[in-house]
Every structure is written in C-alpha cells, then in structure tokens.
Amino acid sequence: MLTRALGRTPHYVVAGSLAVIFLFPLLWNAWASVSGQPGTAQQSGYGLGNYRTLLEYDAGLWRYLLNSTVVSALTVALTLGVSLLGGYAFARFDFPGKNLLFLLTLAILMVPYATLLIPLYVLLGRLHLQNSLIGLSLVLAMFQLPFATFMMRISFEAVPRELEESALVDGCGTAGALRRVLLPAVRPGLITVGLFAFLAAWNDFIAPLILISDSEKAPLPLAVANLRQQSMGAVDYGATEAGVVVLAVPCLLLFLLLQRHYIRGFMSGALKG
Amino acid sequence: MPVKVAVRATAAHVTSPQPRGGTPPPRWRSRKAKGLAYAAPTAVFVTVFFLLPLLLVGQMSLSDWPLLGGDRGVNAPENYSDITDSTLFWPAIRFTLLYTVIVTVVLLALALLLALLVQESRPGAGFFRTVYFLPGALGLASASLLFWGLYSPTTGPLSRILEGLGLVDDPVSFLGSPTSALWSTVFLIVWKFAGFYMLILLVGLQRIPHEVYEAARMDGASRAQIFRSITLPLLRPSLALCLLLCVTGSLLAFDQFFILTKGGPDNSTVTVVQLIYREAFQRLNLGTAAALSNLVLAALLLLNALQFRGLRRADES
Numbered sequence: 001m002l003t004r005a006l007g008r009t010p011h012y013v014v015a016g017s018l019a020v021i022f023l024f025p026l027l028w029n030a031w032a033s034v035s036g037q038p039g040t041a042q043q044s045g046y047g048l049g050n051y052r053t054l055l056e057y058d059a060g061l062w063r064y065l066l067n068s069t070v071v072s073a074l075t076v077a078l079t080l081g082v083s084l085l086g087g088y089a090f091a092r093f094d095f096p097g098k099n100l101l102f103l104l105t106l107a108i109l110m111v112p113y114a115t116l117l118i119p120l121y122v123l124l125g126r127l128h129l130q131n132s133l134i135g136l137s138l139v140l141a142m143f144q145l146p147f148a149t150f151m152m153r154i155s156f157e158a159v160p161r162e163l164e165e166s167a168l169v170d171g172c173g174t175a176g177a178l179r180r181v182l183l184p185a186v187r188p189g190l191i192t193v194g195l196f197a198f199l200a201a202w203n204d205f206i207a208p209l210i211l212i213s214d215s216e217k218a219p220l221p222l223a224v225a226n227l228r229q230q231s232m233g234a235v236d237y238g239a240t241e242a243g244v245v246v247l248a249v250p251c252l253l254l255f256l257l258l259q260r261h262y263i264r265g266f267m268s269g270a271l272k273g
Numbered sequence: 001m002p003v004k005v006a007v008r009a010t011a012a013h014v015t016s017p018q019p020r021g022g023t024p025p026p027r028w029r030s031r032k033a034k035g036l037a038y039a040a041p042t043a044v045f046v047t048v049f050f051l052l053p054l055l056l057v058g059q060m061s062l063s064d065w066p067l068l069g070g071d072r073g074v075n076a077p078e079n080y081s082d083i084t085d086s087t088l089f090w091p092a093i094r095f096t097l098l099y100t101v102i103v104t105v106v107l108l109a110l111a112l113l114l115a116l117l118v119q120e121s122r123p124g125a126g127f128f129r130t131v132y133f134l135p136g137a138l139g140l141a142s143a144s145l146l147f148w149g150l151y152s153p154t155t156g157p158l159s160r161i162l163e164g165l166g167l168v169d170d171p172v173s174f175l176g177s178p179t180s181a182l183w184s185t186v187f188l189i190v191w192k193f194a195g196f197y198m199l200i201l202l203v204g205l206q207r208i209p210h211e212v213y214e215a216a217r218m219d220g221a222s223r224a225q226i227f228r229s230i231t232l233p234l235l236r237p238s239l240a241l242c243l244l245l246c247v248t249g250s251l252l253a254f255d256q257f258f259i260l261t262k263g264g265p266d267n268s269t270v271t272v273v274q275l276i277y278r279e280a281f282q283r284l285n286l287g288t289a290a291a292l293s294n295l296v297l298a299a300l301l302l303l304n305a306l307q308f309r310g311l312r313r314a315d316e317s
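Line by line, the protein sequences are chains F and U.
At position 210 of the first sequence the residue is numbered 210 (UniProt numbering), and the sequence of numbers has no breaks.
At position 206 of the second sequence the residue is numbered 206 (UniProt numbering), and the sequence of numbers has no breaks.
No wet-lab data here; the hints were simulated from the structure.
Here the structure is a predicted model, which means the values were calculated and not measured.
For every residue, glycine included, the Cβ atom is placed at its ideal position computed from N, Cα and C.
Hints should not be assumed to be uniformly reliable.
Cβ pair distances, simulated, as ranges [unchecked claim]:
1) 183/U <-> 176/F: 53 to 63 Å
2) 77/F <-> 183/U: 15 to 25 Å
3) 20/F <-> 226/U: 38 to 48 Å
In silico SDA-like cross-links for lysine to any residue, where the CA-CA straight-line distance does not exceed 20 Å [what the hints assert, rightly or not]:
4) 262/U <-> 228/F
5) 98/F <-> 33/U
6) 32/U <-> 177/F
7) 262/U <-> 127/U
8) 262/U <-> 94/U
9) 34/U <-> 168/F
10) 32/U <-> 93/F
11) 262/U <-> 283/U
12) 262/U <-> 179/U
13) 262/U <-> 177/U
14) 34/U <-> 226/F
15) 262/U <-> 249/U
16) 98/F <-> 32/U
17) 34/U <-> 169/F
18) 262/U <-> 156/U
19) 34/U <-> 167/F
20) 262/U <-> 34/U
21) 262/U <-> 187/U
22) 262/U <-> 98/F
23) 262/U <-> 172/U
24) 98/F <-> 51/U
25) 34/U <-> 228/F
In isolation and in its complexed conformation, chain F is listed as follows:
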C-alpha cells in the first residue's frame, strides 16, 4: 500500500503543480479586483471600489449587463428554436435539397469570421438592423447553427423511431409527437446546445466590435475592453479586473453546473464519428 502510494506521488506532484498554474490567474484576478492598487478606485485595503467604478463607467454596468443578457437570451432562443426544428427535419424526414441544406449549414464553419462579418456589416445596414442587439443576435445564432443542427440531428436519431410512431398512430400530428414525445427525449442535446450558444454569445468580442457602433448598445466584453483602451492615460487595472470577474462568474457557474451534460454531449458527438 505504502509503495503504491509512493509510486503515485510524482503523478500527483505534476498534476497538482499544473492545477496551481491553471487556477492561479483566475484566483489572482478575483483577489486583485477587491484589493488595493495604486491608481484605481480601490487605493488601499480591500473593498468594492473597483466595482463601483465599473457601475458608473460610461453607460453603466447595468446597461452593459442588460445588453449582454438580451443578446445571450435572444441567441440561445433563436439557436434552440431553429436547431430543434432543423434537427427534427434532418433526422426524421426526407425532402428535396435535404443533403445540400445540411452541407451548407456545416459549411458555415469553413468560412472565417472576418470574411462574413464584413458583408454582414453592410447587409445588416440594408435590413435596418445595423447597430442593433437583434441584428447581433441573428448573426451570433447563425454562427451557432452548424454545431447546434448537428447536435440536434444526432439527438433525434438516438431516439427510437417506435416511440414517435406510436404517438403518430395514436392520432398525434408530427408537431404533437415532437412536443409530447420527442422534446423530453432530446433534452440533454438541447442543454448542450443552449450552453454552447450562451457561452458563445456572452463572450463574443469581434462580432459586437464590428456590428455595434454605439457604446450604449455594447455588450459587456466590448465595454470592458473599451474601458481599458480609453483610459490609456491613467490605466485602471482594478476596474478591468472587476469587469473580468463580472464576465467570468456566469460562465464558470454555468459550466460547473452543467459540466456533466456538456462533457457527455461532447463525447457522444465525437464518438459518433
């Protein structure tokens, strides 16, 4: 027993040291956001001075949090809605152009972000959606579609056909079968897709940087990055660190809460290949 424990020691030393390196930046940032630094609102001691700066910065933290929440909620709703219906269609129906449409959806992955954002900037202008959170959400949902559609297609394919057929025989329409029988069965897939869409929308930087020109409408990552850039004369590290905490906490919490689903969904997707 003792020799086995000793044999494991190097493993735990390596794994443990790496864990410290991986955790250190996160812990340091949380600590720095409440500790005193010269040139910040939190000059000495510990407190929430940096968060107070953030609350009052430009359009105000609440505004940016609201923007980010609206964009994330819209993106998640659009992604879930479109990929639920699309996944059902691709898994259970045959229709003309099915394979072409599926390939085109996956082809979104092949095109660099920047290549699409330049024309989308012009296109959203023509649709009167430029500089709007709705336009931004539509674009972010489009970028989520390849993964979401693929994930929902596998989820539907994993449900036994008999389940749905018995519902159809019992007089349900396809919509009824989807709502009553299939929806509960594909819930794990929906959770994975939803988590992905949320993390992507909450964290995205380049799309709002290009598509949103009004600082009133900036989502949080853009606002915090601007905060840092505009204060080049007097760099406010403290407020930026507070901003990173506000950005990171929902992501870390959601990931820790849903990590079982996330990793299972991830692995089933990969194993199918």
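With chain F fixed as given, assemble chain U onto it according to the hints.
Chain U alone, transformed into the frame defined by chain F:
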C-alpha cells in the same frame, strides 16, 4: 470549436441511402412537405446570413466600397493588387504563420500531457479535469483582459514574483518587446485552450481498447514503448482533429492580439485578421478588406481540404 468534431461524423449521414425511384406512397408526399416546413427556418438563416453575405463579399471585393457610402462602382482588380501594397501584408502573414506553428506545437504537447495525466480514473482525476478545463469556460476576450492585468509591469503579480525570486532586477515588461509579446500571448492561449484539447484527446484515449494495452504489457513492453507504438498511433485521428482546430483557430487569431498587444510593439504582432479589421474600419476601405478576407478564405479552404485528406487517412489506418 467542438463543432468540427461534427463535420467529420457527418459524412455517414450525408451519404446515407435515400429512397429513390418509383412513386412514393401518398403519406410520403405530405411528409416531404412537413420536412421542408421544419427545415425552413434553417434554410432562411443559411440563405440570409450566410449565402447572401458570401455573394456580397464577392461583389465587394471587386468594387470601390468605402465604409460609408456603399458601392461606388467597379474597382477590380485594384482591390486585390492593393493588398500587397500594404507594408504590413507580408510581415502579418509571416507573423501569423510563426504564431500558428508555435501555438500548435506547445498547445498539443501540453494537451497530450494533461490527457495522459487524467485519463485513468484514480482519485482526484475528475477534479484535475475540471480545473484544467476551467479556463476554457471563459471567453477569449475575458481571458485576454485578465492576462493584460497579470502581465502589467506595475501591478501584475508575475513581474513581482520574478523579482521576488531574484531572477530579474527591474519590473518585467511582458508585452514590451516583439519576442516577449509573442510568447506572452502564446502562454495565454495555451492556458485558455489546453483543457479543451485535453477533452478531445481524452475521447480518443477512451476509444483505445483495454485489451491492446494488456496484450502489450503481457509481452513485456515498457511504458515508453507502449506510448510510442500503441497510444500515439491509435490517437492519430484525435491528434489530427486537434491539429485542424488549432491551426485554423491560430491562423484567424484576433481577440488576443487586439486586446493584449494591439498589434504592437511596432506592429510586430499584427495578424492577418487584424489587417482585415484595420483595412475596413480604420482605413475605411471595405473593398480591399473584402478582397483580403477572400484570400484568407481561399487559403483556409485549401488548407482544410488538405487536412481533411490527412484526417481521413488517419481514420482509415
């Protein structure tokens, strides 16, 4: 990101046999209409926000198109020839390639080490997996802002730690010289993504049957031999997938440099996508930006096609 896991798996669906020929039973026709109806939102999204922009970017790349004011007529092929006039064009390509090579090598090596460390379900393995993955839940922009504070010569802890250890005498400016700015960014990216690639490699490791290892152990193979002649070859599909994701992601690097270095010092860390951004939104020339992004698109398609072939070959072996 994991999405690309998806692409590979779909070949099976796409080539699945479709009922053909003959007249379909009546119920079939109505099911066709229903299928179309369920797929309609996807079709609208793909057409309006993907196909239309692709056509538009083609048109823009051939037109004189200032940021404000729209199309001012044909400007082909000047948009394309203008690209190489930029003094930053070749340096940006060189830098992007250099960055891609360094990130890929360092990231994949560390991700493999992490996957091997946590693959066996010994006590604590779940904890370590979560800890290594945790930075992956953060956004790239948030992580870049975090490291911007971490690297600060005045208030950042890294400089003080190095001073405390007596390794340096003066505060270190991590983003101050071209070389240190590059490596500081690489460190950030490795921290952020190593856990994610670890997850892909873990999936691959779990696909290797236990019997293979047992047989090798029975034959008296050493751990190094097992790693070299069993683990590595059988992990090739997963490694190839990581390679594809990592190379594509690095070639399109933007957020980290935009936030951490702003392309500096002295434009030494300007990437290709940053060049597109500058052309469009600082030099206000959407036409040339569109042309440049078409070039990037073409290069990536070529590269992905090559890597796909490699990936398929790895899958077959």
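Status of each hint after checking the structure:
The supplied range of 53 to 63 Å is met by residue 183/U and residue 176/F, whose beta-carbon atoms lie about 59 Å from each other. For the pair residue 77/F and residue 183/U, the beta carbons lie near 42 Å from each other, so the given range of 15 to 25 Å is not met. A hinted range of 38 to 48 Å for the beta carbons of residue 20/F and residue 226/U is inconsistent with their spacing of about 29 Å. Distance restraint check for residue 262/U and residue 228/F: the Cα-Cα separation of roughly 12 Å lies within the 20 Å cut-off, and the hinted pair is therefore satisfied.
Our distance criterion of 20 Å between C-alpha atoms is met by residue 98/F and residue 33/U, whose separation comes to about 12 Å. Restraint check for residue 32/U and residue 177/F: satisfied, since their Cα atoms lie roughly 17 Å apart, inside the 20 Å limit. Distance check on the hinted pair: residue 262/U and residue 127/U sit about 36 Å apart at the alpha-carbon level, beyond 20 Å; violated. This hinted pair checks out: residue 262/U and residue 94/U have alpha carbons roughly 17 Å apart, not beyond 20 Å.
With a C-alpha separation of about 14 Å, the suggested pair residue 34/U and residue 168/F falls inside the 20 Å cut-off, and the hint holds. Taken as a hint, the residue 32/U and residue 93/F pair is honoured in the structure, with Cα atoms around 7 Å apart against an allowance of 20 Å. A distance of roughly 16 Å separates the Cα atoms of residue 262/U and residue 283/U; the hinted pair therefore holds under the 20 Å criterion. In summary, the hint linking residue 262/U to residue 179/U is supported, as the alpha carbons are separated by about 15 Å, within the 20 Å threshold.
The hinted pair formed by residue 262/U and residue 177/U meets the criterion: a straight-line CA distance of about 13 Å does not exceed 20 Å. At most 20 Å may separate the alpha-carbon atoms for a hinted pair to count; residue 34/U and residue 226/F exceed this at roughly 48 Å. Between residue 262/U and residue 249/U, the direct Cα distance comes to roughly 18 Å. Compliance with the 20 Å bound is thereby established for this hinted pair. Between residue 98/F and residue 32/U, the direct Cα distance comes to roughly 10 Å. Compliance with the 20 Å bound is thereby established for this hinted pair.
Between the alpha carbons of residue 34/U and residue 169/F the distance comes to roughly 17 Å, so the proposed pair stays at or under 20 Å and holds. Of the pairs offered as hints, the one joining residue 262/U and residue 156/U holds, with about 19 Å between alpha carbons and a cut-off of 20 Å not exceeded. For the proposed pair residue 34/U and residue 167/F, the alpha carbon gap of about 17 Å is at most 20 Å, so the pair holds. Taken as a hint, the residue 262/U and residue 34/U pair is broken in the structure, with Cα atoms around 51 Å apart against an allowance of 20 Å.
Taking the CA atoms of residue 262/U and residue 187/U, the gap is about 17 Å. The hint holds against a cut of 20 Å. Distance check on the hinted pair: residue 262/U and residue 98/F sit about 44 Å apart at the alpha-carbon level, beyond 20 Å; violated. A threshold of 20 Å between alpha carbons decides the hint, and for residue 262/U with residue 172/U the separation of about 19 Å falls inside it, so the pair holds. Our distance criterion of 20 Å between C-alpha atoms is met by residue 98/F and residue 51/U, whose separation comes to about 16 Å.
With a C-alpha separation of about 52 Å, the suggested pair residue 34/U and residue 228/F falls outside the 20 Å cut-off, and the hint is violated.
Of the numbered hints stated above, those contradicted by the structure are hints 2, 3, 7, 14, 20, 22 and 25, listed in ascending order.
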